[in-house]
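Protein chains in written order, with this note's numbering: chain A, 5 to 280; chain B, 2 to 82; chain C, 37 to 532; chain D, -5 to 125.
Wrong hints could be hidden among the right ones.
As the list claims (entries may be wrong) - In silico contact screen, one side only, chain D against chain B (beta carbon under 8 Å); selected entries: (1) Ile38; (2) Ala73; (3) Ala103.
Stated by the list, open to error - Derived list of chain D stretches under chain C, where covered just means 3 residues or more per stretch with a C-beta under 8 Å from a C-beta of chain C: (4) 16 to 29; (5) 44 to 56; (6) 84 to 92.
Since the hints were derived computationally from the structure, they do not count as laboratory data.
Beta carbons are placed, not taken as given, at the ideal position from N, Cα and C, and that holds for glycine.
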Amino acid sequence: MRRLGLITAVLFGGLLAYATPDFPDWGDPRSPASTHVSPYYIQNSLADTAVPNIVTAVLADYRGYDTMFETTVIFAAGLACLFLLRNFGPRAVESRLYRHRPTGITLRIEQGGDLPENSAEFERIDSQWVPYDLIIRCAGRLVLPFIQLFALYVVAHGHHSPGGGFQGGVIFGAALIFYALSHDLRSTLGHLPEARSLIVAAVGVLIYVGTGVLCLLLGGAFLDYAALAGLLGVDPVMARSHGILMVEIGVALAVTTVMVSLYYYLATAGRLDEGL
Amino acid sequence: MIWQLEIIILVLVVVCAVGALAVRDLLGAAILFGAYSFLMCLLWAIMGAVDVAFTEASVGAGVSTVFFVAAVFRTSRRTRD
Amino acid sequence: MSVHYPALVVVMPVVAALIIAILAWVHPSRALPVAVAALAAAAGAAAMMLVRVLAHGPFAYHLGGWPPPVGIAYEIDHLNALVLAVMAAVALINLLAVWPQAEQRFAERTVFFYALYLLFCAGTFGILVTGDAFNLFVLLEITSISGYALIGLGRRDAALASLNYVFMGTIGASLYLLGIGYLYLVTGSLNMADMAAILPRIQDSRVVTAAFIICMTGLFMKMALFPLHGWLPNAYSQAAGPVCSLIAPLTTKTMIYVMVRIGLYVFSPQFTFGRLDLARAMVWLAVMAIVFGSLTALAQTNLRRMLCYVVVAEVGYMVGGFWLGTRTAMTGAILHIVNDAAMTLCVFLVVGTIGHQLKSDTFDTLRGAFRRMPWTMAVMVVAGLSLIGVPPTCGFFSKWYLLGGALAAGHWGLAGALVFSSLVNTLLFFRIFEIAYFEPVNTGNYGHAAPLRYAEAPPAMLAPMIAAAMGLIVLGLLTGEIVTRLIAPAIPAAIP
Amino acid sequence: MWDDFVRLAVAKANYWIYIVLMCIGLWGMIVKGNLVKKIIGMNILQTAIILFYVSIASKAGATLPIITHHGPGTDSIQAVGHINPLPHVLMLTAIVVAVATLGVALALAMRIHRDYGTLEEDELLAMMREK
């Protein structure tokens, strides 16, 4: 196997190296890649879509169809993890650990034993509980709102600066994952239960696809945002800009929730009880 | 665009890639992979691909690494090569 | 609305998958009707597009309203209209046939099975209609990811088989992406027609040669051409029955379609068959695939595993026919894409049903199967005859064209391999028929004859299966029409 | 001869590095026996391709693909002044695809670990043969 791997890698590298001398030089502005289609985007995207960030314009409008499927791929990954890992069977109830806050004594409640979950003096803890995570908790609480705000900014400001629905969505998702890491998984699940998370993901992709279908119903081609002009009461160029914003929001919703769901399934091996 | 910096990053990228594959501890490999992603993202930022770099910083260096750590945590850290 | 069919055929399954993913938490029982309706609508749209292509010739659809090199275009021509119509019908029939099995097999997961099923279909349909090389990659990944998940939840070793498929599939898709990158580097375009217009001018560049090799290698991995077939037998034999009869007909055949599309419509036929002297080597590789697949199939004792190797051999048929580069052989290869999809559906449906009803799919369990499941076995006979190549089933006609093409090109190796494989298939299927018809039923542990239970599948599963078997004969009878009206215009005039 | 070589090496430095990375990734996927290591190799392979695409996009002396001045006068936008945005768009999609594949691959690896208790390929194969 070792030899086979080496031979394959070397052969493959040889093929790539064989072609490299015929490449245009690095950064050559006269290379075909920079002169055939891409100048159109650079010169016309502002006039066509009123979006200064050309990458966003191309991503969500000229090649918006690719991006729709990109979002669908992410959604499919969420579904796939659920399909593969989720424990649907009767949940194997092991013993649960409760900590008595005033004294710090930990109780192990075996199956069948009863203790109210919401007791003021007891808190449920993970089997691998770290006692003094006060700093992480507080720092987390302090930083989280800013991360989330930044994520929203990235989504909304994707027209003018780097960013957009995908990046913003990942950052928002990462913020929620960070919350789960700095506190525990149960509190995150309390804010964003599994079912709600996946429904929101589906809704996010549906916003994208729905925008496309709406354009189609209004007489344009699929995802031709200019067709929304009448509905939004703006000229076709601005309609494209707004259309891009709509789909970016859909992408952000889908990506946020799928990232969190992926974390739920991977971190708990599908049991959805204790996080990392 | 300081070319010395770029060369250093290019070398570090390769070092991290080899390191991530060579280290005999999966948690270490996951962290090195995160470093690899982050260096890659720096490289792209230098080359002007800000959107790609942004995405890679949040996905590759952020969420992917967490997924790796989660998977290693739930399976095993041990590896024989 | 009719102008929007190319988009709708892909979008409808996606929308249905999303709705099902929401319904899963609210009304799980409504998922099946939604899935069936979406696939039926997609199949209807595919049929309408076929009719339109027959009447008015090829047409294009500009997504987002942007004309091709700038935006993404779907281009429907004779080739993909034909393949799409058959694939859509295959997906629909399969869903109708397997849902009772799936509900039993996946229990609470069934709803998500439907959603992934629809995403898989959407990806496949998209690959067939797209005219944009990068869009094809994205759709390919949709198909792959839902496929990995579906396969991963199968029998005992399914997860491992699926992870191997992930590795091979990702290398394949990455190579395809890299090849497209090379082409983009020298053409500056991602649209297939646009690339095809630019490529003849720069044919001598090493980059184009490398792009061709990389792209094709990636596709060979995805289509499981010998010796890159390693993932296929494990993945297909470990997958659950309902999944197997979806993925086996669609995956490899779609990839062969992509190979035809890239080889003929992105690179010119002169380049594909002339520039590299690769064609000759590829035909011999196909010959090896056929011989290897057939011989290995002969050695199997498990019905499903045997069919997996038959699939490996069938991939060799189409690859060999394509790379011969003559008109007759090409006709045979394209016709075989369609026919093989239908035949594979049929046999895997039968095997899935046998596995479901008799709880095992080794040869031993087949004893007395003709009396226990007469209708299922009748379908098996039709499918088997088609795989062997007996008229009037469709398998005969595509094999006839392939054989004719091989003989006309003077390629005795391929002709020999085709005949050899037919003989092996005869042996394989008549052995099955013999076991199922003549061999005595297993005696029980204590010497009592085990009671011969009637174990026929319920009508809901049987009817689509019989429809599929009829489809084999109908496709066979329609061969003349398909060849003259659809395949002949699809092959570029440059091919001799 | 030597000058040619140096020119070739410098003018296409990024292209050489991406080849090295692709080979490392491919080698890792084939040679490494641990499934998580293989998944890391797969990611390195995908990232290398992204590096290649980003390298295509670069233009000497050009600025970011974001148009900074607003209002009228958009006619003055010169294509040579901005980096090619198209490969960036494609690579955003590729990154997403990579993370989706990563998620599914890790999920499968966890299932395998749940079933067999190991992630080493040779041990897995030995177990499969035993059964």
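Holds or violated: the stretch 84 to 92 of chain D covered by chain C, criterion of 3 or more residues with Cβ-Cβ distance under 8 Å? Holds: 4 residues of the stretch 84 to 92 of chain D have a Cβ under 8 Å from chain C.
Let me know if the C-beta of D:Ile38 comes in closer than 8 Å to any C-beta of chain B, holds or violated. Given a least distance of 5 Å, the restraint on D:Ile38 holds.
Is the hint on D:Ala103 kept, meaning its closest Cβ partner in chain B is under 8 Å away? holds (6 Å)
Hey, does the D:Ala73 contact hint survive, CB to chain B under 8 Å? violated (15 Å)
Tell me whether the statement that chain C covers the stretch 16 to 29 of chain D is true, taking a Cβ distance below 8 Å and needing three residues at minimum. holds (count 4)
Cut-off 8 Å, C-beta pairs, minimum 3 residues; does the coverage of the stretch 44 to 56 of chain D by chain C stand? With 3 residues close enough to chain C, the hint holds.
When held up to the earlier numbered hints, the structure conflicts with hint 2 and nothing else.
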